[in-house]
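Just so you know, the sequences run in chain order A and B.
Quick note on numbering: the working numbering labels position 45 of the first sequence as 45, and the sequence is numbered without any gaps.
Take the position in the second sequence, starting the count at 1, then add 113; the result is the number in the working numbering.
Hints listed in this document are in silico derivations from the structure and should not be mistaken for laboratory results.
One or more hints might be untrue.
[As the list claims (entries may be wrong)] No more than 30 Å apart at the CA atoms, straight line, and that leaves these computed lysine-lysine pairs for BS3-like:
no.: 1; chain 1: A; residue 1: Lys57; chain 2: B; residue 2: Lys181
no.: 2; chain 1: B; residue 1: Lys173; chain 2: B; residue 2: Lys190
no.: 3; chain 1: B; residue 1: Lys173; chain 2: A; residue 2: Lys57
no.: 4; chain 1: B; residue 1: Lys181; chain 2: B; residue 2: Lys165
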Amino acid sequence: KAGVTQTPRYLIKTRGQQVTLSCSPISGHRSVSWYQQTPGQGLQFLFEYFSETQRNKGNFPGRFSGRQFSNSRSEMNVSTLELGDSALYLCASSLVSTPYEQYFGPGTRLTVT
Amino acid sequence: GNSVTQMEGPVTLSEEAFLTINCTYTATGYPSLFWYVQYPGEGLQLLLKATKADDKGSNKGFEATYRKETTSFHLEKGSVQVSDSAVYFCALSEDGTASKLTFGTGTRLQVTL
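All chains, please: the whole structure from these sequences, using the hints.
And the structure:
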């Protein structure tokens, strides 16, 4: 069974631009969560989607948004990029029956210049 | 709010040495506890879990016991291998919102021959 895939793997953007990252969960997994990983703040929860609805949200500004499609694929969008948004963005998926067992993708490395 | 505190790294050990990585937590309610591992260039992988007090999680020779009285979940392995070199993250999830993980800062383990 294929793992969680994230595209693109690397991205370079300029301050003020916006970006969209994509995540395809493991087949059968309906929950998708997003995390931001930085050297200074570590791993921080952004949001979780289940059945196309946002079910949980972390403490990030409204510039960070996401959505989930009917096939459970998810996208996250960051608008008006800031230098501090440079990070590894990780997506994780899980089964309904074991929501705490998160399977992570390799991440998208975003660099904002 | 919830928080996880891990020992600072890096931890450098010789092959076949005993490993302990300390983890303590603060949480309301009855969290589930996890250890994730991140190998270089890869996403996080669930290593082991414990969902209630006194549970012992184990996998690949690693063990951790959920100690409610000391709010701890220390990771141990009796004999480490070079292939265990990675970053280890302790994490918790709140009861009822299990997909939202709170992570520690991670501990880098380097095992040498």
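How the hints compare with the structure:
1. A hinted pair counts as satisfied when its Cα atoms are at most 30 Å apart, and Lys57 of chain A with Lys181 of chain B qualifies at roughly 27 Å.
2. For the proposed pair Lys173 of chain B and Lys190 of chain B, the alpha carbon gap of about 9 Å is at most 30 Å, so the pair holds.
3. Distance restraint check for Lys173 of chain B and Lys57 of chain A: the Cα-Cα separation of roughly 33 Å exceeds the 30 Å cut-off, and the hinted pair is therefore not satisfied.
4. Under the criterion of a C-alpha separation no larger than 30 Å, the hint pairing Lys181 of chain B with Lys165 of chain B is consistent with the structure, at around 9 Å.
Of the numbered hints listed earlier, the single one contradicted by the structure is hint 3.
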